[in-house]
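Each chain is listed here by its residues.
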Amino acid sequence: MIELDRDQLISAYRIMKTIRVFEDRLAVEAATTAMAGPLHLYSGEEASAAGVCMNLDARDRIYSTHRPHGHCIARGLDIKALMLEIYGREGGICNAKGGSMHLADPALGLMGANGIVGGGMPLVCGAALAAARLKTGGVAVGFVGDGGSNTGQFLESLNFASVFKLPAIFVIEDNGFAETIASSWACAGDHVKRAEGFGMPGRRVDGFNVCDVYDAAHEAVARARRGEGPSLLDVKLERYYPHEQGISDAMRLPNHVAWLKANSDPITLLRTKITSAGEISESELSAIDKAVDVLIDEAVAKAQSAPPPPVSELLTDVYHAYP
Amino acid sequence: MPTLDQPKTSSTISSHSMQKEGAPLRRKARISYRAALGEALAQEMRRDPTIVIMGEDIAGGMGAPGQQDTWGGAFGVTKGLLGEFGRDRVMDTPLQESAIIGAAIGAASNGLRPVAELMFNNFIGVCMDQLLNQAPKFRYMFGGKLSTPVTIRTVYGAGIRVAAQHSSAYHSILTHIPGLKVVMPSSPFDAKGLLIASIRDDDPVIFFEHIGLFDKEGEVPEEPYTIPLGEANVVREGTDVTIVAFGRMVDLSIAAANSLQTQGISCTVIDPRTTSPLDEETILESVADTGRLVVVDEGNPRCSIATDIAALVAAKAFDALRAPVQMVTAPHCHVPFAPVLEDAYLPNPEKIETAVRSIVRAARA
Numbered sequence: 124m125i126e127l128d129r130d131q132l133i134s135a136y137r138i139m140k141t142i143r144v145f146e147d148r149l150a151v152e153a154a155t156t157a158m159a160g161p162l163h164l165y166s167g168e169e170a171s172a173a174g175v176c177m178n179l180d181a182r183d184r185i186y187s188t189h190r191p192h193g194h195c196i197a198r199g200l201d202i203k204a205l206m207l208e209i210y211g212r213e214g215g216i217c218n219a220k221g222g223s224m225h226l227a228d229p230a231l232g233l234m235g236a237n238g239i240v241g242g243g244m245p246l247v248c249g250a251a252l253a254a255a256r257l258k259t260g261g262v263a264v265g266f267v268g269d270g271g272s273n274t275g276q277f278l279e280s281l282n283f284a285s286v287f288k289l290p291a292i293f294v295i296e297d298n299g300f301a302e303t304i305a306s307s308w309a310c311a312g313d314h315v316k317r318a319e320g321f322g323m324p325g326r327r328v329d330g331f332n333v334c335d336v337y338d339a340a341h342e343a344v345a346r347a348r349r350g351e352g353p354s355l356l357d358v359k360l361e362r363y364y365p366h367e368q369g370i371s372d373a374m375r376l377p378n379h380v381a382w383l384k385a386n387s388d389p390i391t392l393l394r395t396k397i398t399s400a401g402e403i404s405e406s407e408l409s410a411i412d413k414a415v416d417v418l419i420d421e422a423v424a425k426a427q428s429a430p431p432p433p434v435s436e437l438l439t440d441v442y443h444a445y446p
Numbered sequence: 008m009p010t011l012d013q014p015k016t017s018s019t020i021s022s023h024s025m026q027k028e029g030a031p032l033r034r035k036a037r038i039s040y041r042a043a044l045g046e047a048l049a050q051e052m053r054r055d056p057t058i059v060i061m062g063e064d065i066a067g068g069m070g071a072p073g074q075q076d077t078w079g080g081a082f083g084v085t086k087g088l089l090g091e092f093g094r095d096r097v098m099d100t101p102l103q104e105s106a107i108i109g110a111a112i113g114a115a116s117n118g119l120r121p122v123a124e125l126m127f128n129n130f131i132g133v134c135m136d137q138l139l140n141q142a143p144k145f146r147y148m149f150g151g152k153l154s155t156p157v158t159i160r161t162v163y164g165a166g167i168r169v170a171a172q173h174s175s176a177y178h179s180i181l182t183h184i185p186g187l188k189v190v191m192p193s194s195p196f197d198a199k200g201l202l203i204a205s206i207r208d209d210d211p212v213i214f215f216e217h218i219g220l221f222d223k224e225g226e227v228p229e230e231p232y233t234i235p236l237g238e239a240n241v242v243r244e245g246t247d248v249t250i251v252a253f254g255r256m257v258d259l260s261i262a263a264a265n266s267l268q269t270q271g272i273s274c275t276v277i278d279p280r281t282t283s284p285l286d287e288e289t290i291l292e293s294v295a296d297t298g299r300l301v302v303v304d305e306g307n308p309r310c311s312i313a314t315d316i317a318a319l320v321a322a323k324a325f326d327a328l329r330a331p332v333q334m335v336t337a338p339h340c341h342v343p344f345a346p347v348l349e350d351a352y353l354p355n356p357e358k359i360e361t362a363v364r365s366i367v368r369a370a371r372a
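Taken in order, these protein sequences are the chains called A and B. Count along the first sequence from 1, add 123, and you get the number used in the numbering used here. Count along the second sequence from 1, add 7, and you get the number used in the numbering used here.
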């Protein structure tokens, strides 16, 4: 098991805390102010985004899901530009044309969130193919949910990536539910065995433990960089919010989320681990907390006061030159 | 880029035979549509090392103990490219269209310029998410930050007795989708110039090759050249009626126009060459002169490029019209198997002549 060093632990904490505060704040704003658009929040799943993305560098590409804010933040997307986009305001990272489910910043290797469940998986194969042909040394990571793990596009992509030994890593974030349907019911067999069936290693990962995610991703990235082909990570975790803000989450048992927060919160677990080792002090982490709060406050204030995009944006970027 | 005069399309109707053995890529006075496409690919692959081609049987024989490059694509277009460019750039794939088309699209976002072959256009059903929600939307929904320079070659059209699931003409479905460009070459000359233009284009292009045109021969310059996407070819000029036709329908329309000429009816034939973008101006200018429009298309008629052009002319050239717009298309049914039924399904020169005569006679009466 690869151990994270002091700087990496602090970095993991900062990423996860930023995601948490960002998402929790959006939940409040969505409930108390007029905000357009659907929100699929990532709170509770932070260890997956942080643990995977901390293994990546400028050569690498990621493809995200309809629940993309955590992946975007872990990949380093500018928080204010992200918030402006989610608010649909001028200066949003995608010119307010994408919104929460369609975020990208190719300059960071963030090649696109995807509102179509499983729709990004063939694109992961393409990014990995490009990395192989152009000999960049890069890898392509595709995040997908337990719902997406049952789509044809995902299963085709496992085969395609394995046949061509592509430097691809498929990360299933199994949060227990595809919308309201239990993954334990909807996913036949076993994700790890599916990987084996397609001739690639699969590994079950504790998605509440960022160190386990980091280690699993490290192994998969190293294998991909060596040219040995794709891997699959089956990351077990849970989300704190409903599938989408404002809709029923009643398929879960009462008090389940409260129990999760008290007993297996990934940020609390990380904080306890690193402070009990004595290497990093509570005050150091509290300083991070404070900085994150300020950052999110500023991002929300900026987004709320920003103008909408000009209507002239309607017909831009349909083609490289509009016919 | 040399400026080239575009030769008028041959008026002979090509045979419909499907040939699985590709023609060799050697220069002769006239070359086939198949060879013109293959030449475009070879020349572009020599010019640009980021071009890879991929698809089912695009060479043939991957992983097999026997011969390699056995097919060169289902219609032989890419035969011979394997030997020159190797397996890294000429990729036989498993039969999984979502992965093939999606991987081509993803690679196009990441520094390659792939040309994927979708064996029959009916198979868009298997990979439609990539053509509907992915490639066409990246540039727009990511605020112009992502280009998708991918070309997807596909075969369409009826006439070779392979029935409903391998013979449709679904260009109109894809024309509906903003962000895609849709190309329909009708001659070897256009096939080469439009394919090179499509490969060099920074937007996703769906390139429709008619199943009945692969053996059609014509004059094709040896050097690479491009034909701009969105620029119609006025194949034949006349004074009484404007016929707008796509793909193989261009030859049928020319045959009809030649026959009508002997009956004293003079037709313009316009081949828009691309349905998206559409050269509206050339169509409208012609209808302003002739006052009559017949649209000929092999697709089903509802919500189609034929109704689209009829609506265009009704909205923007109504005052010029001297007769109702006529459409000659397939009926609202599927391609049947029995030859007598398939022949009845397809537009032909007689149907086009009948449509033209109906509005000329009506106007003169």
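FYI, nobody ran anything at the bench for these hints, they're computed from the structure. All values derive from a computational prediction rather than experimental measurement. Some hints could be false.
Partial selection, computed: residues in chain A whose CB lies under 8 Å from chain B [said to hold, decoys possible]: (1) Gly211; (2) Glu213; (3) Cys217; (4) Ala227; (5) Leu231; (6) Pro245; (7) Val247; (8) Arg346; (9) Arg349; (10) Asp440.
Glycine residues also receive a C-beta, built at the ideal position from the N, C-alpha and C atoms.
Tell me if the interface restraint on Asp440 of chain A is satisfied: Cβ within less than 8 Å of some Cβ in chain B. holds, 4 Å
Can you verify the interface hint for Cys217 of chain A: is its Cβ closer than 8 Å to any Cβ in chain B? Result: holds, 4 Å to nearest chain B Cβ.
Any CB of chain B closer than 8 Å to the CB of Arg346 of chain A? violated, 20 Å
When the least beta-carbon distance from Leu231 of chain A to chain B is tested against 8 Å, hint result: With Cβ-Cβ at 10 Å, over 8 Å, it is violated.
Proposed interface contact between Pro245 of chain A and chain B, which counts if any beta carbon pair is under 8 Å: Given a least distance of 2 Å, the restraint on Pro245 of chain A holds.
Does the CB of Arg349 of chain A sit less than 8 Å away from some CB of chain B? violated, 18 Å
Using Cβ atoms only, decide whether Val247 of chain A comes closer than 8 Å to chain B, and label the hint accordingly. Check passed: Cβ of Val247 of chain A comes within 7 Å of chain B, closer than 8 Å.
Holds or violated: is the Cβ of Ala227 of chain A closer than 8 Å to a Cβ in chain B? holds, 4 Å
Double-check Gly211 of chain A for me: the hint is only fine if its C-beta lies closer than 8 Å to a C-beta in chain B. Violated, because the Cβ-Cβ distance from Gly211 of chain A to chain B comes to roughly 12 Å (cut-off 8 Å).
Is the shortest C-beta separation between Glu213 of chain A and chain B less than 8 Å? violated, 11 Å
Consistency with the previously given hints fails for numbers 1, 2, 5, 8, 9, ordered from lowest to highest.
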